[in-house]
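J.: Chain by chain, the residues:
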Amino acid sequence: MDVLTLSRIQFTLTISFHYIYPLLSIGLGVMLVLVEGLWLKTRKPIYHQMARFWTKVFALTFAIGVATGIVMEFEFGTNWATYSRYVGDVFGSALAAEGIFAFFLESGLLAVLLFGWDRVGRKTHFFATCMVCLGAHFSAIWIVVANSWMQTPAGFHIVGEGMKARAEITDFWAMVLNPSSMDRLFHTLCGAWQAGAFLVVSVSAWYLLKRKHQEFARGSLRLGLMVGLAASLFQLVSGHSSAQGVAKNQPVKLAAFEGLYETTPNAPLTVFGWMDEQNEKVIGPKIPGMLSFLAHNDTAEPVAGLREAAPQPKDRPPVNVTFQLFHLMVAIGFGMILISALGFLYFWRGSLFDKRWLLWLLVLSVLGPQLANQAGWFAAEVGRQPWIVQGLLRTSEGLSAVVKANTVLAAILLFSAVYLLLFAVFVYLLNDKIQQGPEDGDLIPSGKLALPMREGA
Amino acid sequence: MNFGPLDLNTTWFILISVLFTGYAMLDGFDLGVGALHLFTKTDEERRIMLNAIGPVWDGNEVWLVTGGGALFAAFPNVYATVFSGFYLAFVLLLVALIFRAVAIEFRSKQPMRWWRRMWDAGFSGGSILSSMLIGVAMGNIAWGVPIDDRGEFAGTFLGLLGPYPILIGVTTVALFMMHGAIYSLMKTEGPLHDKLRGWINHCVIFFIICYAVTTMATLLYVPHMAARMRANPWLFSIALVNMLAIANIPREIHHGRDWRAFVSSCVAMIALMGLFGLEMYPNLVLSNPDTAHSLTIHNAASSHKTLGIMLAIALTGVPIVLAYTVSIYWIFRGKVKLDKMSY
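If you read the protein sequences in the order shown, they are chains A and B.
For the first sequence, the positions run 70 to 526 when the numbering used here is used.
For the second sequence, the positions run 2 to 344 when the numbering used here is used.
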C-alpha cells in the first residue's frame with residue numbers, strides 16, 4: 070500500500086478510537102454537574118452517592134481521552150507535514166487556544182474533582198466540577214472550529230505559490246465563526262451529551278434488571294433519560310440545521326450524503342438504499358420533493374446533484390460509503406429519540422420497572438450514540454474527500470514528504486497493539502466498576518464535605 | 002492585535018522556551034518519580050510515590066501538549082519538519098507516554114500481583130523512555146540534523162541516535178531522576194522518606210557526572226553551542242547560577258530543607274534551558290552540515306498577524322492558568338496520605 074492509504078488508515082484508526090472518550094467525558098461532565106448541583110441544592114445523600122460513582126467512571130474515560138489525544142496532535146506533524154505547513158498559520162491559533170483555555174482547565178481542576186473530595190469544601194468542589202465540564206466543552210469548541218475551517222475555509226488568504234503556498238489568517242473571528250463551525254459544534258456537543266446520558270441510562274437500567282442498587286439506579290435513570298431525551302431532540306434540530314449548511318456550502322458532500330446525481334427541483338429523499346456508482350444510479354425507496362424541502366424549505370428549489378457539483382469523478386468522495394454512513398447516523402438519531410421517549414413515557418407512568426424488554430433496550434442504548442457519532446464523523450470527513458481542506462488542498466497533497474510507507478505501517482501495527490490493549494483494559498475496568506456498583510459508604514459524606522456548610526466556604 | 006514595534010518572532014521563541022521549561026520543571030519530576038519507581042520495593046511505597054504525583058501529573062503533561070500546539074501555531078515549518086523527520090522517535094514517545102499514563106491510572110485498580118507488577122514496569126519503562134527520547138530530540142536539535150533545500154529532514158532514524166544526542170538523553174534522565182527524588186522527598190514521611198534521602202546523593206552524583214561529560218562534549222565537539230558565550234563572557238554568569246544551584250541541592254538536603262532543594266533544582270533547570278535557548282537563538286533547528294538550511298524564527302514562522310493573535314490569547318490565558326495551577330498545588334500540599342480515592 071502507498072503512504073497515502075497507510076497514513077489515512079493510521080489517522081482513521083487513531084481518531085475513531087480517540088473519539089469514543091472525549092465525548093463520554095463531555096457528556097458525563099454534564100451529568101456530574103447536574104448530580105452534584107442537585108446534591109448541593111437538595112442535600113439528599115443519594116445524589117452524593119451518584120456523584121461519587123459517576124466520577125469514577127468519568128476518571129476512566131478521561132484518562133484514555135488524554136492519552137490518545139496527544140497522538141492526534143502529534144500526527145498532524147508526523148504524517149501530514151505538508152498539510153501542517155499549509156494550515157499552520159490558521160489552524161495553529163485554534164490549537165493554541167485549545168491548549169491554553171481548555172486542556173489546562175480540565176486537567177488541572179480534574180485533580181480537585183477526583184482527589185479533592187476530602188480536601189476542599191462543597192462549593193469549591195462543585196466549582197471544580199463545573200470547570201472540568203466547561204474545559205471539556207471548550208476543547209470541543211476549538212477542535213471543531215479547526216475541523217470546520219477545513220470544511221468551509223474563511224477569514225484567510227493564500228500566500229506563496231506551488232510547494233510554498235500556505236493559508237494565512239486575515240480575520241480571526243471570520244476563521245472561528247466560519248460558515249459551518251457553530252452548527253457543527255452544536256451537533257458534536259449534542260452527540261457528546263447523548264453519549265454520556267445513555268451510558269448512565271444503560272448502567273442504571275442494568276442495575277434495575279438485576280434488582281441491585283435500586284434507589285441509586287432509579288435516580289440515575291431519571292436524570293439520564295431527561296438529558297438523553299433533551300439531547301436527542303436538540304440533535305434533530307442541530308442535524309437539520311447542519312445539513313442545510315452542508316447543502317449551501319458543500320453541495321458535493323450533500324449530494325453524496327443523499328445519493329443525488331442529477332440536479333433537480335422537487336429532489337427526492339432516498340430513505341435507504343444502495344448506490345450503483347458505476348452507472349450513477351440509486352436503488353431504494355424515495356420520498357419525492359422531500360430533499361428539496363429539507364435542504365431549502367421549498368420543494369420547488371433545485372438541489373445540486375453530483376454530475377453538476379463535481380463533474381469529474383476524481384473530485385467526488387466515495388459516494389456509497391458516504392451515503393451509508395450518513396443514513397446510519399440519521400437512522401440511529403431517530404432511534405434514540407424513540408427509545409428515550411418510550412423510556413420517559415413509561416418512567417412517568419411508573420411502569421418502566423416492570424417492562425423488562427424496555428429495560429433491556431435501554432441497556433443496549435449506550436451503543437446508539439457511539440455508533441452514530443462515529444458514523445457521523447466518518448460521513449463528514451469521507452464526504453469532504455478528495456479534499457483535506459475543502460477546495461484548497463487535496464488529501465494526497467497534505468502528506469509528509471519524507472515519511473516512507475514501511476515506517477507508517479510500523480506505526481500502525483504499534484498503535485493497533487497498544488489500542489487493543491487499552492480498549493481491553495478499559496472494558497475490563499468499566500465492567501469492574503459497574504459490578505462493584507455505588508458504595509453505601511458514599512451515602513455519608515466524609516472529610517470537609519461532612520462539615521455543615523458555611524457561607525462562602 | 003497590534004503590539005507595535007515588538008519583535009513577535011523573538012517573543013514567541015521566548016514563550017515556547019518558557020512552555021518547554023515549564024514542562025521540564027513540572028512533568029520532569031513526574032518522569033523522575035517514574036524512573037525511580039522500580040527502586041522502591043513494597044506495594045505501599047509504590048502507591049505513595051504514585052500518589053505524590055497523582056493529582057498533578059495530568060496537568061503537568063498539558064505543558065507538553067500546549068508547547069507542541071504553540072510550536073505548531075508559531076513555527077509550523079519547525080513542527081512539520083521535526084515531527085515528520087523524527088517520525089519513529091515521536092511514535093515511540095507517544096507509545097511511552099500512553100503506557101505511562103494508563104499505568105498510573107490502572108495499576109492500583111486491581112489487587113493481583115501480576116497486574117501491579119505489569120503496570121509498575123509500564124510506568125517506569127514509559128517514564129525512562131519518554132525522558133530519554135525528549136533528551137535525544139534536544140540533542141539532535143543542538144547537534145544539527147541534515148535538512149534539504151525544501152526545509153525537509155534528509156536524515157534517517159538511526160542517524161538520530163548519534164553519541165551526542167544519546168548523551169543528552171541520558172543526562173535528561175539523570176536530571177529528571179534527581180528532580181523527581183527531591184519532589185518525592187517533599188511528599189513523603191517516615192521510613193520511605195529516610196530511604197529517599199539516602200538516594201538523593203546518588204542521583205545528584207549521577208547527574209553531575211552526566212552534566213560534566215555533556216559540558217565537555219559540547220565544548221569539544223559542538224562549539225556552536227558555546228559560541229555566544231565565548232563572544233559575550235558575561236553570559237557565563239548564567240552557567241555559574243546553574244552550577245551554584247546544583248551545588249546547593251546537597252547542602253539544602255543535608256539541612257533537611259527539602260523545599261529549598263526543589264527550588265534549587267528548578268533554578269538549575271531554568272538556567273540550563275536559558276543557556277540552550279541563548280545558544281540556539283535565532284535558530285530553532287540547526288541544519289548540519291549545510292547551515293544555510295537551518296530553520297530560524299524568521300523562515301519557519303507564521304505570519305505577523307497570527308503571532309499577534311496568539312500573543313493576545315497567551316496574555317489572556319496564561320495568568321489564569323498560573324493562578325489555578327498554584328491553587329491546585331496549594332490544595333494538595335503536604336505529605337501523601339493514602340485513602341480510598343488514591344491510586
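No wet-lab data here; the hints were simulated from the structure.
None of these values were measured; they are calculated from a predicted model.
Quick reminder that beta carbons are idealized off the backbone N, C-alpha and C, glycines included.
Honestly, I wouldn't trust all of these hints.
Derived CB-CB ranges, DEER-like [said to hold, decoys possible]:
| hint | chain 1 | residue 1 | chain 2 | residue 2 | range |
| --- | --- | --- | --- | --- | --- |
| 1 | A | M70 | B | A213 | 25 to 35 Å |
| 2 | A | F341 | B | V327 | 48 to 58 Å |
| 3 | B | P147 | A | A243 | 57 to 67 Å |
| 4 | A | M70 | B | P147 | 52 to 62 Å |
| 5 | A | A243 | B | N300 | 42 to 52 Å |
| 6 | A | A474 | B | W116 | 52 to 62 Å |
| 7 | A | M70 | B | Q111 | 37 to 47 Å |
No farther apart than 25 Å at their CA atoms in a straight line, the calculated lysine to any residue pairs in the SDA-like style are these [what the hints assert, rightly or not]:
| hint | chain 1 | residue 1 | chain 2 | residue 2 |
| --- | --- | --- | --- | --- |
| 8 | A | K473 | B | R117 |
| 9 | A | K281 | A | V399 |
| 10 | A | K502 | B | A324 |
| 11 | B | K306 | A | E237 |
| 12 | B | K110 | A | V245 |
| 13 | A | K192 | B | D121 |
| 14 | B | K306 | A | A128 |
| 15 | A | K192 | B | A324 |
| 16 | B | K110 | A | Y497 |
| 17 | A | K502 | B | N289 |
| 18 | A | K233 | B | N289 |
| 19 | B | K110 | A | L499 |
| 20 | A | K502 | A | G288 |
| 21 | A | K502 | B | H255 |
| 22 | B | K110 | A | G506 |
| 23 | A | K233 | B | R117 |
| 24 | A | K125 | B | D121 |
J.: Which hint numbers doesn't this structure obey?
T.: Those not satisfied are hints 1, 3, 4, 5, 6, 8, 9, 10, 12, 13, 14, 17, 21, 23.
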